Amino acid sequence: MSSRLESFRAMVAQHPDNVLARFGLANEALKEGLHAEAAEQLRAYLAAYDDEGNGFGRLALALEKLGRVDEAKDALHAGIAAARRFGHPGMAAEFEARLEELEE
Amino acid sequence: MRGEFVDVGGVRLYYYAAGNGGAGEPIVFLHGFPTSSHIWRDVVPLVPEGHRVVVVDLLGYGRSDRPEGRELSIKAHAERVLALLDILRISYATIIGHDLGGGIAQYLAVRHPTRVARLGLVSSVAFDSWPTREVRLVKATLPLTRYLPAMWVASVLRSDLLRGYSDVQRGGHSVDMYILPFEGAEGRDTLVEHLAALDPDETEALAPRLKDIVAPTAIVTGAHDPFLGIGVAERLHSSIKDSTLEVISDVRHFVPEVAPQRVADMIADLVAR
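Read top to bottom, the protein sequences are chains A and B.
Residue 1 is where the first sequence starts when you use our numbering, and the numbers rise one by one after that.
Residue 105 is where the second sequence starts when you use our numbering, and the numbers rise one by one after that.
Keep in mind the hints are simulated off the structure, nothing from the lab.
Here the structure is a predicted model, which is why all the values come from computation and not from measurement.
Every residue, glycine too, gets a C-beta built ideally from N, C-alpha and C.
Keep in mind that a hint or two might mislead.
[Unchecked claim] Keeping only pairs whose Cα atoms sit at most 16 Å apart, straight-line, the calculated EDC-like set for lysine to aspartate or glutamate is:
{"id": "1", "chain 1": "B", "residue 1": "K243", "chain 2": "B", "residue 2": "D303"}
{"id": "2", "chain 1": "A", "residue 1": "K31", "chain 2": "A", "residue 2": "E64"}
{"id": "3", "chain 1": "B", "residue 1": "K179", "chain 2": "B", "residue 2": "D373"}
{"id": "4", "chain 1": "B", "residue 1": "K345", "chain 2": "A", "residue 2": "E6"}
{"id": "5", "chain 1": "A", "residue 1": "K73", "chain 2": "A", "residue 2": "E96"}
{"id": "6", "chain 1": "A", "residue 1": "K65", "chain 2": "A", "residue 2": "E37"}
{"id": "7", "chain 1": "A", "residue 1": "K31", "chain 2": "B", "residue 2": "D305"}
{"id": "8", "chain 1": "A", "residue 1": "K31", "chain 2": "B", "residue 2": "E129"}
{"id": "9", "chain 1": "A", "residue 1": "K65", "chain 2": "A", "residue 2": "D17"}
[Unchecked claim] In silico negatives: residues of chain B with every beta carbon more than 10 Å from chain A:
{"id": "10", "residue": "G173"}
{"id": "11", "residue": "D190"}
{"id": "12", "residue": "Y251"}
{"id": "13", "residue": "M255"}
{"id": "14", "residue": "D316"}
{"id": "15", "residue": "K345"}
{"id": "16", "residue": "D346"}
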């Protein structure tokens, strides 16, 4: 267990409203293969933060690893919409390609 | 290495790609003032395998277009880098910045935290500690600089940059390359545009937000940097949670050129965090 993971867990426990700490924790959890924890933190982050797209992409990744393909597709759809809204067409295209792979 | 020009919002930015991709997040290198992607040439081959590598010439530097009146603030550079990453379909990357590029990297980590997987700051500008007294003096006399002989302006820039190398002979070759886009009347005008845009208020405004950076961060500086000093790196280290700090002895400002292996080692440690 990495010290960064523990550090972010402590930060989130102390400041549950700190959404970026939740994003940081989710990334550390992903690195450790703790996909359920990553998905939970990313959902909390996305509920409170106007994400530009990549947060949804990270959530899709975690859900895909958990075998929750339909939820991963939903996350990618939301990511595509957010990326387009924030003017990131390349990111939207990347998510569309991932979506196609999941639908094959 | 494969280089190409990309249209980003009506200007052509040059970048070159290296590495063979892989499972690791891409690594993006940003140079500072007034250098170019050339500064990373000895670091890039030493980067750990398994990462796509992108090395950028910012607008008005290296092979990228001249600014011709377009905004050159840290924010503007950062937003163009973000647009370039969008075009390259890079949604999440390790950002490594030297000098002004470090300021751009800080901006990305603070304003676009979900795009920055890791952050590497090499002899980075920060807070209100830059530019140097000499550059501030030149900025103060900018209306005059525009009417000075282009060759004289280039020679002043050259001798100032050489202070950033402990081995002046070695540094001379690089400096000649860096000042090439600023020779001649057109080049002098480009340089004036860059100088006018150097604004420590931008990094000072980021200072209170540095504590919110969630990306693993590594800071590297030369022990004898005449432009920024160790204090800047130490303050960055104390401002960014869980960051690491390495001070490289016997090195001045242009760390990526003089100590490429040390920078590559920092990157290897960083991408493993």
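We went through each hint and held it up to the structure:
For the hint pairing K243 of chain B with D303 of chain B, the CA-to-CA distance comes to about 10 Å; that is within 16 Å, so the pair holds. A threshold of 16 Å between alpha carbons decides the hint, and for K31 of chain A with E64 of chain A the separation of about 15 Å falls inside it, so the pair holds. Simply put, K179 of chain B and D373 of chain B have alpha-carbon atoms about 28 Å apart, too far for the 16 Å limit, and the pair is violated. With a C-alpha separation of about 13 Å, the suggested pair K345 of chain B and E6 of chain A falls inside the 16 Å cut-off, and the hint holds.
Taking the CA atoms of K73 of chain A and E96 of chain A, the gap is near 10 Å; set against the 16 Å cutoff, the hint holds. Of the pairs offered as hints, the one joining K65 of chain A and E37 of chain A holds, with about 12 Å between alpha carbons and a cut-off of 16 Å not exceeded. A C-alpha spacing of about 36 Å is found between K31 of chain A and D305 of chain B, which places the hinted pair above 16 Å, so the restraint is violated. Straight-line distance between C-alpha atoms of K31 of chain A and E129 of chain B comes to about 12 Å, which keeps the hinted pair within the 16 Å bound.
With a C-alpha separation of about 27 Å, the suggested pairing of K65 of chain A with D17 of chain A is violated against the 16 Å cut-off. Against the 10 Å criterion, G173 of chain B stays outside the reach of chain A, whose nearest CB is about 22 Å from its own CB. The claim that D190 of chain B is not at the interface with chain A is violated, since a C-beta of that chain comes within 10 Å of its own (minimum 3 Å). The beta carbon of Y251 of chain B sits about 40 Å from the closest Cβ of chain A, which is more than 10 Å, so the claim that it is off the interface holds.
Remark: the non-interface label on M255 of chain B is consistent with the geometry, its nearest Cβ contact in chain A lying 42 Å away (cut-off 10 Å). Interface exclusion of D316 of chain B from chain A breaks down, the closest Cβ pair being 6 Å apart, not more than 10 Å. For K345 of chain B, the condition that its CB be more than 10 Å from all CB atoms of chain A is violated, with the nearest at approximately 8 Å. With a least CB separation of 6 Å from chain A, D346 of chain B falls inside the 10 Å interface cut-off, contrary to its annotation.
Hints 3, 7, 9, 11, 14, 15 and 16 from the earlier list are contradicted by this structure; the remaining hints agree with it.
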